[in-house]
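Going down the list, the sequences are from chains A and B. Going by numbering that gives the first Met the number 0, the final residue of the first sequence carries number 650, and the count climbs one at a time with no gaps. Going by numbering that gives the first Met the number 0, the final residue of the second sequence carries number 181, and the count climbs one at a time with no gaps.
Rather than coming from a laboratory, the hints here were simulated on the basis of the structure. Among these hints, one or two may not hold up.
To be verified - To give an idea of the interface, some chain A residues facing chain B are shown, with a C-beta separation under 7 angstroms as derived from the structure:
# : residue
1 : 56
2 : 57
3 : 60
4 : 66
5 : 68
6 : 119
As the list claims (entries may be wrong) - In silico DSS-like links for lysine-lysine, alpha-carbon gap of 27 angstroms or less:
#  : chain 1 : residue 1 : chain 2 : residue 2
7  : A       : 122       : B       : 74
8  : B       : 34        : A       : 71
9  : B       : 34        : A       : 123
10 : A       : 330       : A       : 369
11 : A       : 388       : A       : 278
12 : B       : 74        : A       : 123
13 : A       : 250       : A       : 384
14 : A       : 90        : B       : 26
Being a predicted model, the structure only gives us computed values, none of them experimental. A virtual CB, placed ideally from N, CA and C, is assigned to each residue, including glycine.
Chain residues, written in single-letter form:
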Amino acid sequence: MKKFMKKSLSFKISLLIVLVSSLVIMSIFFISERFNKEAFYSVELDKANIILKTIEPLVALDIYLGIDTNIKKIAQDLMKNPNILSLTITKDSQKIYSIQSPSLKQQEAFLSVTQDILQPNTKKKIGTISLDYSSQNYQKLINNYRKFTLILAVVLVVLFLLLSVYIQKLLSPLRSISNALKNYQPNQEVDIPFVEENNEIGLISKALLRMQKKIIEHTKEQQNINEDLEKLVNIKTLELQTQLYTNNLTKLPNRLSLLKSISLLEEKSLIIINIDDFKEINDFYGHAIGDDILKQFANKLQELTRYISFRELTHLHADEFALLIKIKLSKDDFVKIIQKITSDIEHTLFVSDENTINLRITIGAVFNDKDPFANTLEKADIALKLAKKKGIPYLVYDKNLGIEEQYKTNMQWVHKLKDAFVDDAIVPFYQPIYDNATQKIASCECLVRLIDKDGKVISPFAFLTVAKKSRLYTNITKTMIQKSCHYFKNLHCDFSINLSIDDMLNNETIRYLQEQIHYYDVANKITIEILETEGIENYEEISAFLMQMKEMGCKIAIDDFGSGYSSFEYLLKLHVDYIKIDGTLIKNIDTDTNSAIVVETIVNFAKKLGILTIAEFVHSQEVFEKVKQLGVDRSQGFYLCEPRADIKDLL
Amino acid sequence: MFTKILLLCIFLVHSVYAYIYNDLLVKTQATIFPKIILLDQNLSHKLQDGTIVFAIVYEKDDLYMAQSIKKMMEKSYDHLLDGYPFQIELLEASQIGEITKKVTAFYVLHLCEQAIVEVSKVASSKHIITFSYDLDNLRKGLLFSVAMEQSPTFYINKKNLYAENVNFVPPLLQMVTFIDRN
Chain A
0 MKKFMKKSLS FKISLLIVLV SSLVIMSIFF ISERFNKEAF YSVELDKANI ILKTIEPLVA
60 LDIYLGIDTN IKKIAQDLMK NPNILSLTIT KDSQKIYSIQ SPSLKQQEAF LSVTQDILQP
120 NTKKKIGTIS LDYSSQNYQK LINNYRKFTL ILAVVLVVLF LLLSVYIQKL LSPLRSISNA
180 LKNYQPNQEV DIPFVEENNE IGLISKALLR MQKKIIEHTK EQQNINEDLE KLVNIKTLEL
240 QTQLYTNNLT KLPNRLSLLK SISLLEEKSL IIINIDDFKE INDFYGHAIG DDILKQFANK
300 LQELTRYISF RELTHLHADE FALLIKIKLS KDDFVKIIQK ITSDIEHTLF VSDENTINLR
360 ITIGAVFNDK DPFANTLEKA DIALKLAKKK GIPYLVYDKN LGIEEQYKTN MQWVHKLKDA
420 FVDDAIVPFY QPIYDNATQK IASCECLVRL IDKDGKVISP FAFLTVAKKS RLYTNITKTM
480 IQKSCHYFKN LHCDFSINLS IDDMLNNETI RYLQEQIHYY DVANKITIEI LETEGIENYE
540 EISAFLMQMK EMGCKIAIDD FGSGYSSFEY LLKLHVDYIK IDGTLIKNID TDTNSAIVVE
600 TIVNFAKKLG ILTIAEFVHS QEVFEKVKQL GVDRSQGFYL CEPRADIKDL L
Chain B
0 MFTKILLLCI FLVHSVYAYI YNDLLVKTQA TIFPKIILLD QNLSHKLQDG TIVFAIVYEK
60 DDLYMAQSIK KMMEKSYDHL LDGYPFQIEL LEASQIGEIT KKVTAFYVLH LCEQAIVEVS
120 KVASSKHIIT FSYDLDNLRK GLLFSVAMEQ SPTFYINKKN LYAENVNFVP PLLQMVTFID
180 RN
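Hey, can you work out the whole structure from these sequences and the hints?
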């Protein structure tokens, strides 16, 4: 097929004509031969029938009149016809006459016809005439027909061959035109042949010539357009580059520009200036004024740093600017620059739309840094965050601050936590809470532990902060909920789990907690411990959550009670079941009279409200005796039992 | 003895006056003529109450011959011709003008010329098919005759076909020899 597609058009047309014509001729030949054979046969049969029909009345009359001699005469006359091979006449099923031609035996095939003999007056059948008729004429007709069709086929083949040659000749100009256009170039004029001819080829050539002229014109126009476009693209590229490296608001170079500049310097000093609480300005005065203030701030910074040689002031984002100093400075000069910026900004009043705004800034800086470009900005950023954390106006990055180590440690903990989830190494430990009256286990607190790869048990103080920052905290809570509910499902012991305010505000965590409580059927065993030390800002939502849990049958406890500010208010509003008195009040209660007074007050207050009290951090016999003496209902601490992975043997 | 001689004489006298007939021809004609009647497509108009009436016309001297022909035909057809009742009558030539009943065909034996003319007139006027023993009588006005040549050969007086209102089946007309009166 591929080879056929590559053949010339004239070849394809000729071949198709020959193929289609051959097919049509052959079909016509075979169909007509079949019909003609039938027709020839029918003609010969008709002849035989006509003969019989012709003689039948005479024979009928002779039989009717009983003149047998006449019948014989008719038959003998008939046999003079060389095509008639035999004749048989019967009367009332009795053969009355039969005659055969000597040539009958030489015939391979013949036609046999029979005719009824009818009485002339009544048309009643009185006998039959049978005739064998020679098929020689039929064969002769067939042979003649075949000869004729063969000659016709040969003539047609010759005609088609001539037609093919003629088509090839007709289409050959197309090949010449194609050759002429083979190496055509838009900017080069080609001599197209057959333009003068007055036929379709001439029309094609003329059309190609016109097209060529238009292409040349268009190419010229295109060249001009291209040149214009190139200029335009260059201008736009420049604009884009400017936009890429410039902040749209302040028109200062942006972060990309800073990074590019840093990358070109071996030694550089960088100051990041962050406007404190700029979000509040935006929220309070609106973004239009905020933007205006930023522009003024940018101008002010430019003004303040103008005296510094080889400096680059950039606008990193919203409220953060950077000053890159490209020359080597002394540490004192560098600090002086920072202090001057801080001081001048604090003494500047920015006015926008009749609003006078005083800005404060925090600066993070890196001095004569030789690290690759990315680290310089990172270091200054770290210094800025640390300054913000410490609440100081500026901080210059120093390796001795240990900031990097802290970051590394945090990253390691994130990895450890992720591995722990994969290895199922986040597990609950259970610490019993004893009833001071009965000295028996009243319930257990579920405490999270991480088992590291060496099998060492790690307490949550090491990883909870990192978990919160890395958004793994929710997964830890979910793991604790699932494993604790599963553990106490079949134990006759109450248990408590700790939930942070974030957990209680997280719909996903709440839904999961409720599902697990239903699934393990532990609603009457579980106590939700709220960390009292955390301020409850979303009081309505927390209260609604606690009400839901109480309706399910769960109990509520306030953890670390006594360490916060609004402890008694919570007791009244949240309808808690337990108060867990903060460890700082308990650990020295045997010697610290003030602690004892506070605990006694809490216990009395709780008793009046019908709330049970639990003393945490009971670490000695003396402390245990004291809390019992003060009327605390339950105790928990290392003195009584350390947290452990399994407490079934104690129950 | 005298009586015997007398009867012999009478017979001989009678035989002298009677015509001579070819037995084979008479037999052939007696067999064929009734069948020829059936080949007339106007036969239905020539029936006497549905009966084919075949009258043998003879001279007084040929009575015996006529009677023998009648017997022969009655024996052959037994009063039935292809489903039609078939009645054979003897009719003396002198009485030809007196016939009142409808006759289908006359079989005319040897008659004098005047009698033949008379028979021909009656046949034409009453559309009666006429068969003749003697072929020559066709030229005198009779219609159909058979002669014994190599095989039986049929002759028709073409003019009388119309006169006697005869419409024979075409195959018969194909095999007959037509005789012109002139």
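Of all the hints numbered above, which does this structure not satisfy? Sort the numbers upward. Structure breaks no hint.
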